[in-house]
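*Asks:* This is what each chain is made of:
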Amino acid sequence: MDWWPLGNFWAHFAVFALAIIVFVLLMVMVFIWFERRAFGPFQMRWGPNRASPWGALQPVADAIKVLLKEDIVPAVADKWVHFIAPVVGFLPVLLIFAVVPFHDGHGLIPDMSIGILYVVAISALSVVGVFMAGWSSGNKYSLLGGMRVIAQMVSYEVPLVLSIISVVLVAGSLSMNEIVAAQEIPFFVLMPLGFLIFLIAAMAEINRGPFDLLEADSEIVAGFHIEYSGMKFAMFYLAEYGHALAMSAVAATLFFGGWRGPGDEYIGFLWFLLKVFFIFFLLIWARVTFPRLRVDHLMGFGWKFLFPLALMNVFVVAAEMIVWGEIDGGMPWWIVFINLPAALVLIYLWSRLFRFGGGRVGVNA
Amino acid sequence: MESMSSLSTDMELKTEPFVLNMGPQHPSTHGVFRMRVLLDGEVVVDLEPIFGYLHRGIEKLAETRTYTQVIPLTDRLLYLSSMACNHAYVRSVEKLAGIHVPERGEYIRVIMDELMRISSHLMAVGFFLNDLGCSVYTPLLYMYREREKILDMFEMVCGQRLTYNYMRVGGVSGDVPEEFMPVLKRFVAEMPHFIAEYEQLLAENEILLARTKGVGVLPRELAINASASGPVLRASGVKWDIRKADPYSVYDRFDFEVPIGQVGDNYDRYRVRIMEMHQSLRILEQAMRQFPAGEACAKLPQLLRPAVGEAYGRVETPQGEMGFYVVSDNSIAPYRMHIRPPALLNLTALKDMVVGWKVADVIATFGSIDIAMGEVDR
Numbered sequence: 001m002d003w004w005p006l007g008n009f010w011a012h013f014a015v016f017a018l019a020i021i022v023f024v025l026l027m028v029m030v031f032i033w034f035e036r037r038a039f040g041p042f043q044m045r046w047g048p049n050r051a052s053p054w055g056a057l058q059p060v061a062d063a064i065k066v067l068l069k070e071d072i073v074p075a076v077a078d079k080w081v082h083f084i085a086p087v088v089g090f091l092p093v094l095l096i097f098a099v100v101p102f103h104d105g106h107g108l109i110p111d112m113s114i115g116i117l118y119v120v121a122i123s124a125l126s127v128v129g130v131f132m133a134g135w136s137s138g139n140k141y142s143l144l145g146g147m148r149v150i151a152q153m154v155s156y157e158v159p160l161v162l163s164i165i166s167v168v169l170v171a172g173s174l175s176m177n178e179i180v181a182a183q184e185i186p187f188f189v190l191m192p193l194g195f196l197i198f199l200i201a202a203m204a205e206i207n208r209g210p211f212d213l214l215e216a217d218s219e220i221v222a223g224f225h226i227e228y229s230g231m232k233f234a235m236f237y238l239a240e241y242g243h244a245l246a247m248s249a250v251a252a253t254l255f256f257g258g259w260r261g262p263g264d265e266y267i268g269f270l271w272f273l274l275k276v277f278f279i280f281f282l283l284i285w286a287r288v289t290f291p292r293l294r295v296d297h298l299m300g301f302g303w304k305f306l307f308p309l310a311l312m313n314v315f316v317v318a319a320e321m322i323v324w325g326e327i328d329g330g331m332p333w334w335i336v337f338i339n340l341p342a343a344l345v346l347i348y349l350w351s352r353l354f355r356f357g358g359g360r361v362g363v364n365a
Numbered sequence: 366m367e368s369m370s371s372l373s374t375d376m377e378l379k380t381e382p383f384v385l386n387m388g389p390q391h392p393s394t395h396g397v398f399r400m401r402v403l404l405d406g407e408v409v410v411d412l413e414p415i416f417g418y419l420h421r422g423i424e425k426l427a428e429t430r431t432y433t434q435v436i437p438l439t440d441r442l443l444y445l446s447s448m449a450c451n452h453a454y455v456r457s458v459e460k461l462a463g464i465h466v467p468e469r470g471e472y473i474r475v476i477m478d479e480l481m482r483i484s485s486h487l488m489a490v491g492f493f494l495n496d497l498g499c500s501v502y503t504p505l506l507y508m509y510r511e512r513e514k515i516l517d518m519f520e521m522v523c524g525q526r527l528t529y530n531y532m533r534v535g536g537v538s539g540d541v542p543e544e545f546m547p548v549l550k551r552f553v554a555e556m557p558h559f560i561a562e563y564e565q566l567l568a569e570n571e572i573l574l575a576r577t578k579g580v581g582v583l584p585r586e587l588a589i590n591a592s593a594s595g596p597v598l599r600a601s602g603v604k605w606d607i608r609k610a611d612p613y614s615v616y617d618r619f620d621f622e623v624p625i626g627q628v629g630d631n632y633d634r635y636r637v638r639i640m641e642m643h644q645s646l647r648i649l650e651q652a653m654r655q656f657p658a659g660e661a662c663a664k665l666p667q668l669l670r671p672a673v674g675e676a677y678g679r680v681e682t683p684q685g686e687m688g689f690y691v692v693s694d695n696s697i698a699p700y701r702m703h704i705r706p707p708a709l710l711n712l713t714a715l716k717d718m719v720v721g722w723k724v725a726d727v728i729a730t731f732g733s734i735d736i737a738m739g740e741v742d743r
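The listed protein sequences derive, respectively, from chains A and B. Okay, so the first sequence: first residue is 1 according to the numbering used here, each after it adds one. Okay, so the second sequence: first residue is 366 according to the numbering used here, each after it adds one.
Don't read these hints as lab results, they were simulated from the structure. Predicted model, so just to flag it, every value in this text is computed and none were measured. Beta carbons: idealized from backbone N, C-alpha and C, even for Gly. Don't take each hint at face value.
[What the hints assert, rightly or not] Per the computed footprint, the stretches of chain A lying under chain B, defined by three or more beta-carbons under 8 Å from a beta-carbon of chain B, are:
#1 16-27
#2 164-171
#3 217-225
#4 284-292
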């Protein structure tokens, strides 16, 4: 980065690594506050409004409370795995931000040539931490949660990647910054179906909303983190919201043109933030509205609905790239008039064909 | 290739079912219910309900209290429909002592019962959806909004919001205040819109349908054999409602339907409750129109000494048929009191409903039965 006075990679690395950690921690706090405030109107109540104006310090109060709690390790737990699991769960979330371009070309390594591939690879890793937690706690609920998260990850990673492929096809690059640069028209306009699939798969990936099977509080109590308290629990909480932040940032980058937006070029970061909040709001909306899916429904939905749709989306986008891809160096804007109806028709037709399935299983007790 | 295939047979996974102990400390067991669930992965192989954690010996306690002092105990049975429990008890004592209740008292009781039914069904549907995994309580909070209005009305008449202790042998503890009727009128007028709102939000939700349709089926025969009652029985397609089958109080003067389901799955149980709310509103409307003047409570001695004998009085609570079997030895306290608990009896069919389904369905089916542990354990 030539604007940086030291002009040195390591200085750049140190500054941005620190900046990202601070950014993630702060944003997680803001997200927690934002989510709880947003729940208020959805549920005809206020949300937190006691700690400082608009309850803005509520996450701080929560953090203090949770950090002061006693740290309990169950007697039957696998101590080391139990200890490491929150870190393994949280680390990949931080690592995702390495390739996120916060502003035009600004980030830790926003120009990494395999940017989005790196995101997909790293993002899936946090599942390992969750499974470690589920396995090591020595609790049957947490074991069920750990098993569920593996099944969920396997089902949703494929549509997620396929929806990203359509983006890569149009942008012609894997680098996050290039993808943003390619978005004269935001990609959610060009491929609404791809965006929808990405959003749903991302919800499942970050285990929120109707896909929070692994911690399903009404069934398996708290799932994988049932035996965690204090700081370690806070780490999982941090990881959950950090992951939501990361996925919102990735979605904003892939489909909403990241830092691009009208106005002065210096406010690119603000545009990026605005888009992140918008996507996160969609996640909140889904979470507050829908009942939870059952574990077999979830896999059926992933494999039988999202996966074929994602394939078709890739096919449609690829065909359009062959036919119209060369017009003024990218997809023409009027493609939306083909893709939006195509998306609606595909979703409609496929939802007629699709059945959740998964009925009563014969057991011999 | 050959070594591969031999490898796969060697590494074949050996699995065995494991026991998961759900409850008594579990967020979705509606109190302190405990299920010993045998699981094969996520699939339920066996289920053994265990209860008694909230046993307070209410039947025994009743033997050391006067007939009036027992009424607060009945509040602690189905605590989300205390009025109906009150009614069941006072009805059996009235039967035992041959007491005639003034007409106004009967109408007040019917109004309270039906308000209680709406409130209880709201909670049943809300908690059912909560058990389905609306993990941040959204539907429940919408239901709470209307329940609050009903509780405000109860507070008007008896000063309590949960354990009312409102009904008395021979009537009710006090007449309704004059500001009650306008509030009730407004509630009855606006409630259909709120129910329509729930329908709009829930009725065609794809996840809800997938989670509830065909899940936890209670067949007609089994429902009858398990002596289920209330919405659980009616969802299985049996048209049985004490209000129609054995009209008590002034229920024979109202025109209302008994909604039934076809399959007896979770969805039907949820639908029956929603439809019953509409019917309760119909009854309330008619009761308001016919509301007579007069005394709210019969003139009775302070201490009741019914003649030696026994009586069984039953009413249709929101959960089903609740009956009190009261035996008198001509003293001031019941010689013996036995409760027919609707939720406990509905619960007995739980195992047959959930075996073969997933863990999540156990909770959903359990929620659809709508129990209160205060009544199951007594």
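*Asks:* Hint by hint, note whether the structure agrees.
*Replies:* Right, here's what the structure says about each hint:
For the segment 16-27 of chain A, the proposed coverage by chain B is not satisfied: 0 residues have a C-beta within less than 8 Å of a C-beta in that chain, short of the threshold of three. Counting residues of the segment 164-171 of chain A whose C-beta sits closer than 8 Å to any C-beta of chain B gives 0, which falls short of three, so the coverage hint is violated. Counting residues of the segment 217-225 of chain A whose CB lies closer than 8 Å to any CB of chain B gives 5, which reaches the minimum of 3, so the coverage claim holds. With 6 residues bearing a CB less than 8 Å from a CB of chain B, the segment 284-292 of chain A meets the requirement of three and the coverage assertion stands.
Checked against the numbered hints given earlier, the structure breaks hints 1 and 2 and satisfies all the rest.
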